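Undergrad: Use these hints to put chain Y onto chain L, whose structure you have.
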Amino acid sequence: LAKTTQPISMDSYEGQEVNITCSHNNIATNDYITWYQQFPSQGPRFIIQGYKTKVTNEVASLFIPADRKSSTLSLPRVSLSDTAVYYCLVGGMTTDSWGKLQFGAGTQVVVTP
Amino acid sequence: DVKVTQSSRYLVKRTGEKVFLECVQDMDHENMFWYRQDPGLGLRLIYFSYDVKMKEKGDIPEGYSVSREKKERFSLILESASTNQTSMYLCASSLGGQGSYEQYFGPGTRLTVT
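Protein chains in written order, with this note's numbering: chain L, 844 to 956; chain Y, 73 to 186.
Keep in mind that the hints were calculated from the coordinates and are not lab data. Among the hints, erroneous ones may be present.
If the Cβ cut is set under 10 Å, some of the chain Y residues that face chain L in the computed set are [claimed, not checked]:
#, residue
1, V76
2, Q78
3, R81
4, L83
5, N103
6, P111
7, L113
8, R116
9, F120
10, Y122
11, K129
12, P133
Keep in mind the model is a prediction, meaning the values are calculated, not measured. Heads up, the beta-carbon is just placed ideally off N, CA and C, and yes, glycines get one too.
This is chain L alone, in the form it adopts within the complex:
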């Protein structure tokens, strides 16, 4: 069972890069790492997903070291609208592993001018 650990909160200024690390020491061979963003009064929204090395899309990058025991979500040049809670999710791709899906407790990111 890949228990995940994230920092509770992080503060940043507009225009800076924010890096949030999630620890998942017991990650299984078939597990993927997914990150979600959640604003108040809304459900989480998918940001990015990866298995190893680096993944980049239009909003974020995900860095996964070779041992896969941690992962880092990188938000480049944050703006006030990036203030949200960010969740790390570790789990397998097949339905027989979904019962063990583990979200982290979430990291509150606050961006100030």
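TA: Just chain Y, lined up with the frame of chain L:
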């Protein structure tokens, strides 16, 4: 645009009542999930379903049951609500098959049991 709707945004029930939380998705997704969200604990999976009439337990199924009679609808049932089930409940759906991991969430139902 994928839309996941939940029957109520806020619900107040008494201890011992039977509670139904309904979730509907409009994108023909095979997979549906129910989570509860509590401060400091993140999201915890209660049940999921990968096909009509199929259901599987998640991390915390005790005190809950589910029903999926139609592909687009997934119901969470609290047979006898208790105060420790006061929480935010989130429904999600995703495409079927391996590699389909992007879950689309509804806005949530905040349930208070008194």
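Undergrad: Are the hints correct? Go through all of them and say.
TA: Now the hints, each set against the structure:
Nearest Cβ of chain L to the Cβ of Y:V76: about 7 Å, under the 10 Å cut. The hint holds. At its closest, the beta carbon of Y:Q78 sits 9 Å from a beta carbon of chain L; the interface hint therefore holds under the 10 Å criterion. The interface hint given for Y:R81 is met, as the beta carbon of that residue sits about 8 Å from the closest beta carbon of chain L, less than 10 Å. Violation of the interface hint for Y:L83 is found here, the shortest Cβ-Cβ separation to chain L being roughly 15 Å, above the 10 Å cut-off.
Taken as an interface hint, Y:N103 checks out: its beta carbon lies about 8 Å from the nearest beta carbon of chain L, inside 10 Å. Interface restraint check for Y:P111: the shortest CB-CB distance to chain L comes to about 9 Å, inside 10 Å, so the restraint holds. Taken as an interface hint, Y:L113 checks out: its beta carbon lies about 6 Å from the nearest beta carbon of chain L, inside 10 Å. Because the closest C-beta pair between Y:R116 and chain L is about 7 Å apart, less than 10 Å, the hint holds.
A hinted interface residue such as Y:F120 counts as satisfied when its beta carbon comes closer than 10 Å to some beta carbon of chain L; here the least separation is about 5 Å, so the hint holds. Satisfaction of the interface hint for Y:Y122 is found here, the shortest Cβ-Cβ separation to chain L being roughly 5 Å, below the 10 Å cut-off. For Y:K129, the interface hint holds, since its Cβ comes within 10 Å of a Cβ in chain L; the closest pair sits about 6 Å apart. Annotation: Y:P133 was flagged as interfacial toward chain L, and the flag holds, the nearest CB pair being 9 Å apart, inside 10 Å.
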